[in-house]
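Novice: Each residue of the sequence shown is one higher than the one before, counting from -12 in this note's numbering.
Read the hints as simulated data drawn from the structure, not as lab findings. Please note that a few of the clues may not be correct.
[To be verified] Computed cross-link-like contacts, DSSO-like style, restricted to lysine-lysine with a CA-CA straight-line distance of at most 27 Å:
1. K26 <-> K293
2. K0 <-> K18
3. K199 <-> K143
4. K108 <-> K4
5. K174 <-> K184
6. K268 <-> K174
7. K26 <-> K143
8. K143 <-> K108
9. K0 <-> K236
10. K108 <-> K48
[What the hints assert, rightly or not] Restraint ranges, calculated between C-beta atoms of paired labels, are given here:
11. K0 <-> N255: 42 to 50 Å
12. R138 <-> R46: 17 to 25 Å
13. G144 <-> T77: 29 to 37 Å
14. K27 <-> S66: 18 to 26 Å
15. S(-8) <-> H109: 34 to 42 Å
16. S224 <-> K198: 17 to 25 Å
Ideal Cβ positions, reconstructed from N, Cα and C, are used throughout, including at glycine.
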Amino acid sequence: MSELSVDHLLGIKYLNKRDIDLIFETADQFKEVINRPIKKVPSLRDITIANLFFENSTRTKLSFELAEKRLSADVINFSASQSSVKKGETLVDTVKNILSMKVDMLVMRHPNPGAGVFLSKHVDARIINAGDGAHEHPTQALLDSYSIRERLGEVKGKNVVIVGDILHSRVALSNIYALQLQGANVKVCGPRTLIPKYIEALDVQVETNLKKALQWCDVANMLRVQNERMDITYFPSTREYTQQFGINKDLLESLNKEIVIMHPGPINRGVEITSDVADSKQAIILDQVENGVAIRMAVIYLLASKIKQ
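Construct the entire structure; sequences and hints are all you get.
Specialist: Next up, the structure:
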């Protein structure tokens, strides 16, 4: 059996194309499992996984938990807001205490970029990065690419535009890495103030006119404006942002082709996309959610198979 080239999933930038293909093939099998009447497989009956969320998360946390339970793993949930971290305990101490309970794998979301990489050097467990600050969110990028492949047949050669708050987004960076690895063309679109300076070094073009970006693309991945990560004002008003960078039904219908609409969630309806777009046939937002469980099952399963060796 082929295996991943990495021992942890810390970011897409550490993966190669074969890793992504393997994750997708494995997810295909698990997708079949989660659509059966009995949705569980006994694959990881002897594995214990701890979910460590140092930042709030609803969808990602639920998706990981469901993936772990579908694989029959034992699951421990740890929420930092109610923990000793508040009392000043260090990240390494917190994790070592959890590992002393014989935990094999950690799924971690942390506000600091690189937290997973740091931890992987200090503890003996497989680590999956569930989002580190505004840096990477690898499983989201994998499920996004997987959803594009499912809808359009393949990712290679497709034109994908990522629209919105690129500056504060870990989804954008992971998606750029994943899409380029698979041979897609990537552009970003949003207010200049929300596009990071380094973006062109990643061989990504910037388009500030949304309609032009949509005419060019096969897929538009709409990001939420991350107000909670903003310490200053990046654009005049939400209303003005929506007028320039929001997608509504009229705008979609004015294009000379049908494009696929994606969103990592949670959606600010009426800001980046209107309800009639979010609920339309062109949107694959709920497919992304379903695929998230299959992708996370695949990643957990493939990393766990390295523990048993």
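Novice: Now tell me, hint by hint, if it's right for this structure.
Specialist: Consistency of the hints with the structure:
{"no.": "1", "hint": "K26 <-> K293", "result": "holds (24 Å)"}
{"no.": "2", "hint": "K0 <-> K18", "result": "holds (25 Å)"}
{"no.": "3", "hint": "K199 <-> K143", "result": "holds (21 Å)"}
{"no.": "4", "hint": "K108 <-> K4", "result": "holds (25 Å)"}
{"no.": "5", "hint": "K174 <-> K184", "result": "holds (14 Å)"}
{"no.": "6", "hint": "K268 <-> K174", "result": "holds (23 Å)"}
{"no.": "7", "hint": "K26 <-> K143", "result": "violated (31 Å)"}
{"no.": "8", "hint": "K143 <-> K108", "result": "violated (34 Å)"}
{"no.": "9", "hint": "K0 <-> K236", "result": "violated (35 Å)"}
{"no.": "10", "hint": "K108 <-> K48", "result": "holds (24 Å)"}
{"no.": "11", "hint": "K0 <-> N255: 42 to 50 Å", "result": "violated (29 Å)"}
{"no.": "12", "hint": "R138 <-> R46: 17 to 25 Å", "result": "holds (20 Å)"}
{"no.": "13", "hint": "G144 <-> T77: 29 to 37 Å", "result": "violated (47 Å)"}
{"no.": "14", "hint": "K27 <-> S66: 18 to 26 Å", "result": "holds (25 Å)"}
{"no.": "15", "hint": "S(-8) <-> H109: 34 to 42 Å", "result": "violated (22 Å)"}
{"no.": "16", "hint": "S224 <-> K198: 17 to 25 Å", "result": "holds (21 Å)"}
This entry does not satisfy hints 7, 8, 9, 11, 13 and 15, going by the numbered hints stated previously.
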